[in-house]
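Build the full structure now, drawing on both the sequences and the hints.
2 protein chains.
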Amino acid sequence: MPALLDKITEQVLRQIDSGSGFKQEGAFNLRQNGISLCHGSTEHIKIKKKEDKPGIDVYIDGDTKGEQVHIPVVVSASGMVDIVYNDFYIADGADVTIVAGCGIHNSGCDESRHDGIHAFHVGKGANVRYEEKHYGEGEGTGARVLNPVTKIYMEEDSMFTLDTAQIKGVDSTVRETEVTMGAGAKLYVVEKLMTHDNQKAESNMAVYMKGEDSSAQIISRSVAKGSSTQVFHPRAVGEAKCHAHIQCDSIIMDEAQVRSIPEIDARHLDAAIIHEAAIGRINNEQLIKLRTFGMTEEEAEGVIVEAFLN
Amino acid sequence: MPALLDKITEQVLRQIDSGSGFKQEGAFNLRQNGISLCHGSTEHIKIKKKEDKPGIDVYIDGDTKGEQVHIPVVVSASGMVDIVYNDFYIADGADVTIVAGCGIHNSGCDESRHDGIHAFHVGKGANVRYEEKHYGEGEGTGARVLNPVTKIYMEEDSMFTLDTAQIKGVDSTVRETEVTMGAGAKLYVVEKLMTHDNQKAESNMAVYMKGEDSSAQIISRSVAKGSSTQVFHPRAVGEAKCHAHIQCDSIIMDEAQVRSIPEIDARHLDAAIIHEAAIGRINNEQLIKLRTFGMTEEEAEGVIVEAFLN
Chain R
1 MPALLDKITE QVLRQIDSGS GFKQEGAFNL RQNGISLCHG STEHIKIKKK EDKPGIDVYI
61 DGDTKGEQVH IPVVVSASGM VDIVYNDFYI ADGADVTIVA GCGIHNSGCD ESRHDGIHAF
121 HVGKGANVRY EEKHYGEGEG TGARVLNPVT KIYMEEDSMF TLDTAQIKGV DSTVRETEVT
181 MGAGAKLYVV EKLMTHDNQK AESNMAVYMK GEDSSAQIIS RSVAKGSSTQ VFHPRAVGEA
241 KCHAHIQCDS IIMDEAQVRS IPEIDARHLD AAIIHEAAIG RINNEQLIKL RTFGMTEEEA
301 EGVIVEAFLN
Chain U
1 MPALLDKITE QVLRQIDSGS GFKQEGAFNL RQNGISLCHG STEHIKIKKK EDKPGIDVYI
61 DGDTKGEQVH IPVVVSASGM VDIVYNDFYI ADGADVTIVA GCGIHNSGCD ESRHDGIHAF
121 HVGKGANVRY EEKHYGEGEG TGARVLNPVT KIYMEEDSMF TLDTAQIKGV DSTVRETEVT
181 MGAGAKLYVV EKLMTHDNQK AESNMAVYMK GEDSSAQIIS RSVAKGSSTQ VFHPRAVGEA
241 KCHAHIQCDS IIMDEAQVRS IPEIDARHLD AAIIHEAAIG RINNEQLIKL RTFGMTEEEA
301 EGVIVEAFLN
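Chains as they are written, first to last, in the numbering used here: chain R, 1 to 310; chain U, 1 to 310.
No lab work stands behind these hints: they were computed from the structure.
Chain copies aren't distinguished; within one or between two, either way the pair holds.
Derived lysine-lysine pairs resembling DSBU-like cross-links, with alpha carbons at most 35 angstroms apart:
(1) K168 - K241
(2) K124 - K151
(3) K7 - K53
(4) K289 - K241
(5) K50 - K186
(6) K46 - K133
(7) K186 - K289
(8) K23 - K53
(9) K210 - K200
(10) K133 - K50
(11) K225 - K186
(12) K225 - K241
(13) K200 - K151
(14) K225 - K151
(15) K210 - K225
(16) K192 - K65
(17) K186 - K200
(18) K192 - K241
(19) K289 - K210
Written as structure tokens, this is what we have:
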């Protein structure tokens with residue numbers, strides 16, 4: 001029998017677990033205010049609660065083909081600090097989509113924080129898609145803080161797609177991502193981030209291309225509104241014959257500030273690494289064009305920002 | 001009567017003062033092994049020796065139109081540490097070319113080092129072209145070290161072109177460049193750097209666009225051979241309506257390593273900053289094409305490297 005969810009949890013889940021939405025079916029684990037409210041395993045995907053610390057171990061066997069794992073986190077208690085360690089063991093040849101995400105509803109005056117520390121052990125030839133949405137809401141004055149740490153270990157010929165988005169409402173975030181790549185491994189990262197008001201966001205990413213013919217494509221798009229600040233520090237290290245392309249584009253609005261500090265580090269003759277970054281304001285011509293359709297300036301900006309982030 | 005120069009000094013001058021070559025004419029100052037060997041002023045450009053520390057003050061008046069100042073430095077004594085402070089006062093409206101450069105001939109076993117600390121005070125509407133070549137030679141085992149510090153203060157509507165090249169033979173260099181730009185100021189930087197053997201090069205550059213409509217274009221090209229290492233950290237900070245474009249391209253050969261850490265920092269809604277960087281090996285197709293002309297691999301590489309750096 002499925003667990004009964006309160007209104008706030010359901011509302012937050014609609015934001016962070018998009019697509020078909022969160023259901024208590026298949027492989028899943030719903031963490032709410034620091035405890036696992038409900039979870040389920042399947043033939044190929046086993047979810048086990050950790051014994052020594054908060055979090056789960058997720059075992060995905062090699063016969064997994066196209067299955068999804070949903071592991072949303074909801075924090076609705078003001079003043080809560082929730083630290084969770086999730087480890088994913090993806091067997092050789094598995095093909096899986098992991099849908100994570102964290103939403104904080106803070107209606108109090110104390111800071112609510114969630115730190116998700118995730119490690120992915122990706123077997124040979126496995127194909128993993130990892131989606132992660134971060135979101136904050138609530139009428140309280142307490143800050144909504146998310147500090148995710150993501151470590152990805154990729155074996156030969158594996159593929160990992162990291163699709164991460166901070167939608168809105170997160171007052172402070174420091175993201176740490178580290179990827180180690182074996183021969184022939186392929187990494188795709190799409191990072192989207194929107195900050196507003198006095199929010200602060202920092203994203204540090206290090207990609208170590210250690211194996212021959214590994215390749216990485218990193219796309220980061222961000223919009224900074226209000227007096228928010230963002231700092232990006234993606235780092236691509238080529239230690240073998242490899243290929244990487246990093247692209248960071250940001251739109252600044254109002255009084256916002258964006259710093260982008262990409263680092264490309266070639267330690268091998270056949271490491272080919274390219275980086276592009278641009279920061280600028282909204283395209284004025286686009287704005288004018290949309291306003292001729294009768295949109296207000298705000299509406300037009302909204303359309304452009306949404307198009308830019310999608 | 002011109003000062004008599006020794007063979008080594010003449011030979012080094014041919015490398016670092018290119019174009020028409022160094023002559024003891026017009027406005028000039030030749031510094032050799034820590035002392036000013038000879039110098040001259042003109043109607044519009046006065047060179048004065050500093051009283052309180054090593055170095056010169058160069059006063060360029062507003063009627064200077066297209067004149068050149070040559071201030072080469074030669075260090076040929078092994079084991080010497082030569083620190084020099086040169087200040088340039090460029091009056092409103094002046095148009096001047098400053099040709100600097102330092103060559104170290106080290107035939108001993110002790111490290112020879114030259115640190116040129118240069119400050120440019122560029123008046124309104126002035127146009128300055130600053131050329132600087134760094135070079136090392138000599139059969140000695142002692143290191144040839146160059147640590148230039150360049151500070152540029154640009155007033156309204158001034159223009160500054162910084163053309164800097166490290167040709168070869170410099171074992172270790174740490175370059176620090178800082179530019180502060182007033183309204184309408186325009187900065188052009190071309191940095192070329194070649195390292196070989198066990199050489200190390202680091203270049204840190206910060207450009208502060210403080211005035212409205214200031215703009216900066218920075219092009220950095222480097223070739224790293226042998227087991228040399230290079231680190232680039234250009235930084236463009238937009239504090240007003242401004243425009244900047246940074247482009248860093250590097251070729252790695254052999255066992256060399258290159259790190260490029262550009263930083264773009266937009267602190268104003270109308271700061272538009274673009275950065276591009278690429279590190280890779282020599283274009284193989286080009287190499288093959290040149291070899292069909294009968295060139296050896298080395299010769300073909302030489303041609304490509306030279307074309308890339310020019």
